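Colleague: As given, the protein sequences belong to chains A and B, one line each in that order.
Reading the first sequence from the start, the letters are residues 84 to 272 in my numbering.
Reading the second sequence from the start, the letters are residues 5 to 244 in my numbering.
Here chain B is said to cover these stretches of chain A; the calculated rule only asks that three of the stretch's residues, wherever they fall, bring their Cβ under 8 Å from a Cβ of chain B: (1) 162 to 173; (2) 198 to 212; (3) 218 to 231; (4) 236 to 243; (5) 252 to 261.
Honestly, the hints are just simulated from the structure, not real lab data.
The model shown is predicted, which means the values in this text are computed figures rather than measured ones.
Just so it is clear, CB atoms sit at the ideal spot from N, CA and C, and this is done for glycine as well.
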Amino acid sequence: MRSQTLAAIGRRLAHRPESGSFPSATLSSVKAVPLGTRATTPPQLHPLERQEVGSFGAQSAEVLPPLVENPLLDFAANTAPLEIWEGTVISVDLKRGFMEATLDACMSSMPMHTAEFDLEWVSDQDMDLVRPGAVFYLTLFKRSKPSIENAQELRFRRRPAWTKGEIQQIDRNAREILKKGKEAPLAKL
Amino acid sequence: MSFTRELFSSSIVAVGHFNPAIFTPDWLEKNQLIGSADAESAREKVNKTAFVVTQQIATFETPWFVLQVLENQFSLTSKEALTPAFMDLGVGILQLVSHTPITAIGLNFMAHYKIHDVASYHAVGDALAPKPLWSPLFPGRHVGMMALTMKVQDGTRENPGKSRDYQQFTVQPSPSIKSGVFFSLNDHHEVDKEEAKLSRPGELAAAIIDSHWKNTWATSTTVFESLLASILGPQEKMNA
Chain A
84 MRSQTLAAIG RRLAHRPESG SFPSATLSSV KAVPLGTRAT TPPQLHPLER QEVGSFGAQS
144 AEVLPPLVEN PLLDFAANTA PLEIWEGTVI SVDLKRGFME ATLDACMSSM PMHTAEFDLE
204 WVSDQDMDLV RPGAVFYLTL FKRSKPSIEN AQELRFRRRP AWTKGEIQQI DRNAREILKK
264 GKEAPLAKL
Chain B
5 MSFTRELFSS SIVAVGHFNP AIFTPDWLEK NQLIGSADAE SAREKVNKTA FVVTQQIATF
65 ETPWFVLQVL ENQFSLTSKE ALTPAFMDLG VGILQLVSHT PITAIGLNFM AHYKIHDVAS
125 YHAVGDALAP KPLWSPLFPG RHVGMMALTM KVQDGTRENP GKSRDYQQFT VQPSPSIKSG
185 VFFSLNDHHE VDKEEAKLSR PGELAAAIID SHWKNTWATS TTVFESLLAS ILGPQEKMNA
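With the hints as extra help, turn the sequences into a complete structure.
Modeller: Here's what the structure looks like:
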């Protein structure tokens, strides 16, 4: 995913008079807003980061062991999301290389709005997913390591479709459950 | 503003009986759960996580997640920006292995907050683990809080609820952020055994993720930041 400024990510936001609930907005005006099974990567205290002060400080590298040991995983987060929009593709113009989409903020109460995206923002592996109705996530996030920077990512949603066999199985399961239920009582006048 | 969220991530953990050998990048790509670039990336030797797929273990990473499957545990951990696509991946994988006997799902969220002054940083530990209780026991010595875990479940102490689901919140000094606080939430869900007999346990597990993950994310942020706000005072902005 390319890293560009926030202002460059949307080409234009369109006001659609026929759908008054989609007021116009500019992405540049979007402000960052405040977004056993236990995680098996225990925070490991690095000697250089050991806290040495006060009552919250740790004087050793001891941490509580996780509920499920997982010595193979040793991964540390380096980002925090600032805002996430769930986008739905409205139209695609492959000739001009743009797609129009609605954007619904997931972490704030920002009103839904529309935007045009240059298809260069879509990764090659997601290009075959771009079609009207497709869902994507546009994420604005802060990266802390190796250096502090704001970045954004556009990723299309991937969910496997129901297979015929799965639907048939669901029908069978539903019939089984219904068999176990009692017949609904008839109202008597 | 006395605190800011610096790091945030999630992991989805499932307990059950898995066949690690099937969890390959190619398998995920073939089932359209990841793209070709991600599958190719998983096979690269430069990754921190070695690409290993055997009968006992499968582990690999892509730019946005790390997958590790053991015979009794499935673990998906986010990398880079966390988005609902991560949830979609977890749901999609478990739907594909719908017959796998899965007994429990853990939805985990982890956050590191930077506290902007030392006094406030210590105030967090002092509030959660009051030193007047400990210090008299160790005169002349320093006492500090290492970790605190709270378990939240239905019912009361006298009458616990029937549900075996629970949430565990943990607070620790952050190992990644100087003068930082680390929070984690483990939202534990049991897969109903009776329901699993009628339906496929993998699908039930996927449904748990689908119906709870976003709410658990919201809960984690609300609880973490409410705790800090209660101790440090209300914030004008919660996160920069």
